[in-house]
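Protein chains in written order, with the working numbering: chain E, 1 to 748; chain R, 1001 to 1240.
In case anyone wonders, no lab produced these hints; they're calculated from the structure.
Predicted, not measured: the structure shown is a model, and the values here were computed from it.
Cβ atoms here follow ideal geometry from the backbone N, Cα and C, with glycine treated the same way.
Hints are all accurate, no fakes.
Part of the chain E face toward chain R, derived, beta carbon under 10 Å:
1. C157
2. G159
3. P242
4. F243
5. K246
6. K333
7. D335
8. W419
9. Y421
10. D425
11. M433
12. S648
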Amino acid sequence: MKALVITKAVLEQHKLSEEEYKKILEILGREPNWTELGMFSAMWSEHCSYKSSRIHLKKLPTTGPRVVQGPGENAGAVDIGDGLCAVFKMESHNHPSFIEPYQGAATGVGGILRDIFTMGARPIALLNSLRFGELDNANTRHLLKGVVSGIAGYGNCMGVPTVGGEIVFNDIYALNPLVNVFCVGIAKKDRIFLGKAAGVGNPVIYFGSKTGRDGIHGATMASDSFDEQAAQKRPTVQVGDPFTEKLLLEACLELMSGDCLVGIQDMGAAGLTSSACEMASREGTGVELELADVPRREPGMTPYEVMLSESQERMLMVVKAGREDEVIAICRKWDLDVAVIGRVTDTGKVVLKENGQVVAEIPAKALADEAPRYDRPSAPPAYQEMLQALNHDALPDVKDANAALLALLDSPTIASKRWVYEQYDHMVRTNTMVRPGSDAAVLRVKGTNKALALSVDCNGRYCLLNPYEGAKIAVAECARNLACSGAEPIGATDCLNFGNPQRPEVMWQLVLAIEGLKDACEALNVPIVSGNVSLYNETNDLSIYPTPMIGMVGLIEEVDRAVTQWFKQPGDAIILLGHTREDLGGTEYLKVLHHREQGSPPLLSLEAEQAVQACTIRLIREGVVQSAHDCSDGGLAVALTECCVSGSDQRWGAVVQLSLNGLRRDALLFGESQSRILLSVKPEQAERVLRLASDAGVPASRIGTVGGDRLVIQVDGDQRVTGCTVDLELTALYDHWASAIPRALGRD
Amino acid sequence: MKIGVVVFPGSNCDHDCQYVFKDLLRQHVEMIWHKETSLAGLAAVVLPGGFSYGDYLRTGAIARFSPVMGAVKAFANKGGLVIGICNGFQILLEAGLLPGVMLRNTSLNFICKDVYVKVENAATRFTNRCASGQVLKIPIAHADGNYYTDPVTLGGIKANAQVIFRYCTADGKVTPETNPNGSLDNIAGIMNADGNVLGLMPHPERSAESILGNEDGRLIFLSMLTSFGASELQSKLVGA
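Just chain E, with the same shape it has in the complex (with noise of 0.2 Å):
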């Protein structure tokens, strides 16, 4: 073995702090030797060991009646009904969709696919939340381009629908990409299989992939800042190979159905050390491999690169004792790489030999559990104030609407996805009831009666301004969007995006953004039961909007009770539920028309939230209602244009009517005031949904009528000045909508 000696160029290189340093000498009673210390700077990174995250996660709501596993496993689990449970996770791949947008975002895929399979779900659906600089960089085109070709190169092959998803666009992230991937499963909810290595004596296999000198350290990198020397960092990508992965899948769930298999983990960051020692560590035993075991790619890898490499596509289980000759036979149905590396031991060390002698040897609760933990300091950040005061009085009100409209609609994070979507396989598996373009992907629950809706969300601006707000709002409208295709939520899964967790305000951001989720998901019933920490998203220096991604799982209990977000038929009338405020700070309206990211956002009452959801949710479920849609980014006026113009077969105008009340018109029209939702309902059923409103406490109130071939929106008082009102032929706010992206990437 290589001598060692530690300095302080090895730690850095390992990022490892003197303190840690410290800690692990405490742990072994000895200097780590090589192998040791890659092993510990992996498993002790940011990315594998939340370390500045972890006491605050504490206080999200993971618990209720419906939850089958809560956070710590692979992914989550709640119960369906049915004896099926809906199994899930959200993940980043942010650093490595930078340096390599095609195969980083093409393993990110890959890894949450794993982590979903891996408890014994059959992955049903993919959605994708994607953060760009932008438009008008070329860079950020081509990064979009190779993002969205990874995304798809590997779900179609693996034959698992991408349904959905957001893509904002905005400066902040042109230097740092957000590529978040949020997966779906269904098990059977008594075969839920945990990474676990039980039974001293059971046998541990290796199984996929070979193991290669590909990603070693990428979630070191992945807990790290970047600057202009990003790109030498793309030896750290990993190369992904959706065609193995998807023999792996086949070959689990076949491995599965049968009842030889203890435990089983996927490699993902950190490779075998994390799913080697993780696996001991849940169960309080040991485990010994031997390294000369592993399938490797190439000859002459050492233990430091065969522990830390994250070649893609590769599981560890532990099996029953004697029960070899199945499993293995089993893996090589499917043509995949399997050896019996090691034993499981009640030593609680993670002993590694080569070819019979001792290169590691280290406690494996020390390498998975005993991470440092820090409670960093947190501060506000002296521009917060500036940030949020917005003077109303020296903005102009809006003088043209329709051309103020019309660019919103040219707005690619407004804009139609069209271009997006249709690069993913959204029907596979013949399940998509409702496909990406409307508030939530459903889809059926082949052998039941019920469905499942789908959505993430998160505003990052709302969560700059105000990070405890914007929080609570990315929790809300999740869920509203569920709500609006007649779904109650019913879980959710995290992705927390923020910059260097080091700065006090990022830590203040965090802090605040996690008191946000937890308050939003207790109020609104949803626990959260996975996610996944991203932190150091800074490049130059630069941080990120503080972006805590929400992916939510809804359930309809009657398949076809689902509604979609476009108008159905002329003559329905058109229903607003919630209030409008005078809410223009950090809208899309202030940033496309008057250039500003500023201003409190929308502030949101939860109760208010509550009662419009349960409200949608019942007229929907008493199946009265034609559409419904969350009026979101760009305010009532781009809701209703949606509603007008995202349908697939035809498309129908809308004629409405709104008073003032004292607003502002832009406020009116283009303020993203929360918990409202815009139904379409038959005229007969109108006067019986205003009542039932009423009744819950909802504010409600008929805006007008589905029909024609324009969109009208008049503005009481209006009527006489000129450019106040909308009124635009459908096909042209169409062509808006639907061309912004295609046009915006036709530079090229």
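Chain E is fixed; fit chain R onto it per the hints.
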């Protein structure tokens, strides 16, 4: 009557085809592992969509060497009914059971969306439940659906009414704008000269139930059953 659905490594529409035949049309379905060498006892064989062998090298190029393909050829040569959907179509081309090749889509992107196809020949074992010229709405999902062949072969298959489906507008006009992938002559599906092997890029199994938005694709599977005189009553009753 038993329908066989071949499972190649990387097939991913195998379950969807199984679901249509078994759960919707109440037929016996056997999943055929690609290493099988016999298709005895089957009435029809489905080569499903997906990414067989990852579509590495070229779509369908490796799958055609799978042991089962020898049996599929023998089955087809004896007049057995074979349908290849998407990747299955690509494999049939590579295996020489249908003429022509597939190129990348002209956009170079994977495309997943509903398209309309016109039934050019309704007098086949795959389309007998359609009217001639009928327009079907069926989704596509592929990166390599740009059908190409030489002019002589094209002339031959057209003259012989082997072009079964062409991309068109909702009201049946075959126009360049409706061609999603650059396919020669808007071709979406072709048949062999003997009329027992069909390949098509659209996925009829994805539009075979009203809950998924439309049932047009079901006509193709019903036509296959009709060609065997299978109980229509039974298949109509289920899931209709």
